[in-house]
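In case you want the letters, here they are:
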Amino acid sequence: MAVVFQRTNGLTEKPFHYCPGCTHGVIHRLVGEVLEELGVLGDTIGVAPVGCSVLAYDYFNCDMHEAAHGRAPAVATGIKRVHPDKVVFTYQGDGDLASIGTAEIIHVAHRAEKITTIFVNNAIYGMTGGQMAPTTLIGQKATTSPYGRDAAHSGMPLRVSEMMATITGAVFVERVSVDTPANIRKTKKAIKKAFEIQLEGKGFGIVEILSTCPTNWGLTPTESLTWLQENMIPYYPLGNFRTPEEAK
Amino acid sequence: MAKILMKGNEAIGAAAIKAGCKYFFGYPITPQNELPEFMSRELHKVGGCFVQAESEVSAINMVYGAAGAGARVMTSSSSPGIALKQEGISYIAGAELPCVIVNISRGGPGLGGIQPAQSDYFQSTRGGGNGDYRLLVFAPASLQEAVDCTMEAFDLADYYRNPVMVIGDGMIGQMMEPIEFNEPVKRELPEKDWATVGTKGARKPNIINSLALDPAELEKHNIKLQAKYKEMEENEVRYEMYNMEDAEVVMVSYGTTARIVKNAIAALKEEGINVGLIRPITLWPFPHKAFEEIPATTKALLSVEMSMGQMIDDVKIASSGRWPVHFYGRSGGMIPTPDAIANKVKEILGGAR
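Residue numbers (this note's numbering), protein chains in the order written: chain A, 1 to 248; chain B, 249 to 601.
Do not take every clue at face value.
Below, in silico cross-link-like pairs of lysine-lysine (DSS-like), each with a Cα-Cα straight-line distance of 27 Å or less [to be verified]: (1) Lys-564/B to Lys-478/B; (2) Lys-14/A to Lys-202/A; (3) Lys-448/B to Lys-510/B; (4) Lys-537/B to Lys-592/B; (5) Lys-251/B to Lys-468/B; (6) Lys-14/A to Lys-452/B; (7) Lys-476/B to Lys-547/B; (8) Lys-517/B to Lys-476/B; (9) Lys-434/B to Lys-192/A; (10) Lys-517/B to Lys-192/A; (11) Lys-434/B to Lys-476/B; (12) Lys-517/B to Lys-255/B; (13) Lys-448/B to Lys-202/A; (14) Lys-440/B to Lys-478/B; (15) Lys-293/B to Lys-270/B; (16) Lys-510/B to Lys-472/B; (17) Lys-202/A to Lys-293/B; (18) Lys-14/A to Lys-468/B; (19) Lys-448/B to Lys-189/A; (20) Lys-537/B to Lys-478/B; (21) Lys-592/B to Lys-564/B; (22) Lys-270/B to Lys-202/A; (23) Lys-510/B to Lys-468/B; (24) Lys-440/B to Lys-14/A; (25) Lys-448/B to Lys-193/A; (26) Lys-14/A to Lys-448/B.
Think of the hints as simulated: they come from the structure by calculation, not from any bench.
With the rest of the complex left out, here is chain A (with noise of 0.2 Å):
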């Protein structure tokens, strides 16, 4: 008997925590498979977040350090330039990265630590409740916007992709999605890349993977992809937004 499908080694046998229909899941397995099929589980080091993540240590099959929120780009600073010959990771949300970090993540970045970051939109809070995010769009409702998102009081949603694409140590910048199968792909391309790119020692990679948060968002997990689709790639466009062609 053939066997089609399995549990990547790139990931522990514990079980996941996440809410039915969060995409934490997925983008999860796609790490735990391209550290898998580069060969470099043994070799990698990832640091895990503050946020719905912040358990992400139990679930990769690799050395693992958890930092405080916002603060993971700084500590895969240094753990990478004490072992620069080892593949080191951040796995991060959009209030951890795009708010409370929004140092840490502009200066690896600026140093150009040969690091890659996961960086996971879903337009909100999770862990702590749904609360306002810099990404939740103009309207969305949430804990701290009540009555939608206002620009006049709250600002244009932040875009990370576009801002890091401007800062020439960040050599790969890529937006993706994984709202269907094949934006899934298409976004394992994109992490096997910046992962790739790590181990030819060019410089930082970070790919922005627009998730769901069906929770939070007050919507099936079926509604949720739809609104992904709808309300936050208009805003979020997918792409490629710097290679390390175009970094030169």
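Using the hints provided, position chain B relative to the given structure of chain A.
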């Protein structure tokens, strides 16, 4: 080896490198700048690495990463910068990682000033960051002691898997004194088999973490930490006792202030007044046992600090109500004079005799 003349900040950096420190993450702030500058010149020569972070917050989190990765690592800053590092220090203590943190302290609160002060006593001994944790805190009074403490700090950090702080007031950082580098007493140090160095597929993943969502598990962790702190209290208390015989008043003072206190003691002696000194070298653990050796002649204690009165809390705890505890302090970068300290002693003893 002949002694060499060095500036305090550079001497501390040189001591760290002698102790095997390979990594330094810092951010500029006066009056400690010569330390990161020294490390940026020297660390690469020993195969190490210096990184100037974008903030003190990032610097301590780089230390967190490097310590977790098994390295001997240090950061330094000054008072407001150390305030910013408290988040990371709490995580490092919670995750039980070794590192050395140097505070060349200045006057506060807020932006304060850039002159020497000792107003970070609470910050260094009472947490500063969140949670039930302790730092081993050395407060050297001379550059030789600063060098000795720094070199030993790395071993102690590794031995206890705990951050160690070396706190020197601005004078320690800025003045020059002759020093020599002496190897600390050898300790049996545990293997860093917990470090994130990659599994090589040969073991289960190592996880550096300070999160425990299960209350029972977190309490168990805290009980374990407390046992470690208890061991430090039993084994790592350092202090100096000076001129204690027949002392009428015993002063308690640390760092460079203790040197000024010694001048006051000499002046008072000429006037026939015998005054002793307890000089804590470790601020935590505080040398409670030194107070058991206070002679029967002592009528009062006097805490002398470059602050508005912080260590005095520990002096009162250590005195257990056995002696009245007085205070003399200057702050904001003002330095106490021997005369003013001597006058305070005379005032306690009921005026001039």
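These are the hints, each one checked on the structure:
1. Lys-564/B to Lys-478/B: 20 Å, holds
2. Lys-14/A to Lys-202/A: Not satisfied, since the Cα-Cα distance of roughly 34 Å exceeds 27 Å.
3. Lys-448/B to Lys-510/B: Answer violated: Lys-448/B to Lys-510/B is near 57 Å, above 27 Å.
4. Lys-537/B to Lys-592/B: Holds, at roughly 25 Å.
5. Lys-251/B to Lys-468/B: 48 Å, violated
6. Lys-14/A to Lys-452/B: 13 Å, holds
7. Lys-476/B to Lys-547/B: 36 Å, violated
8. Lys-517/B to Lys-476/B: 42 Å, violated
9. Lys-434/B to Lys-192/A: 47 Å, violated
10. Lys-517/B to Lys-192/A: 76 Å, violated
11. Lys-434/B to Lys-476/B: 20 Å, holds
12. Lys-517/B to Lys-255/B: 32 Å, violated
13. Lys-448/B to Lys-202/A: 24 Å, holds
14. Lys-440/B to Lys-478/B: The given pair, whose Cα atoms are some 22 Å apart, holds under the 27 Å limit.
15. Lys-293/B to Lys-270/B: 10 Å, holds
16. Lys-510/B to Lys-472/B: 40 Å, violated
17. Lys-202/A to Lys-293/B: At roughly 24 Å apart (the allowed maximum being 27 Å), Lys-293/B and Lys-202/A satisfy the hint.
18. Lys-14/A to Lys-468/B: 23 Å, holds
19. Lys-448/B to Lys-189/A: 25 Å, holds
20. Lys-537/B to Lys-478/B: 14 Å, holds
21. Lys-592/B to Lys-564/B: 18 Å, holds
22. Lys-270/B to Lys-202/A: 24 Å, holds
23. Lys-510/B to Lys-468/B: 45 Å, violated
24. Lys-440/B to Lys-14/A: Distance ~26 Å between Lys-440/B and Lys-14/A Cα, so the pair holds.
25. Lys-448/B to Lys-193/A: 22 Å, holds
26. Lys-14/A to Lys-448/B: Holds: Lys-14/A and Lys-448/B sit about 20 Å apart, inside 27 Å.
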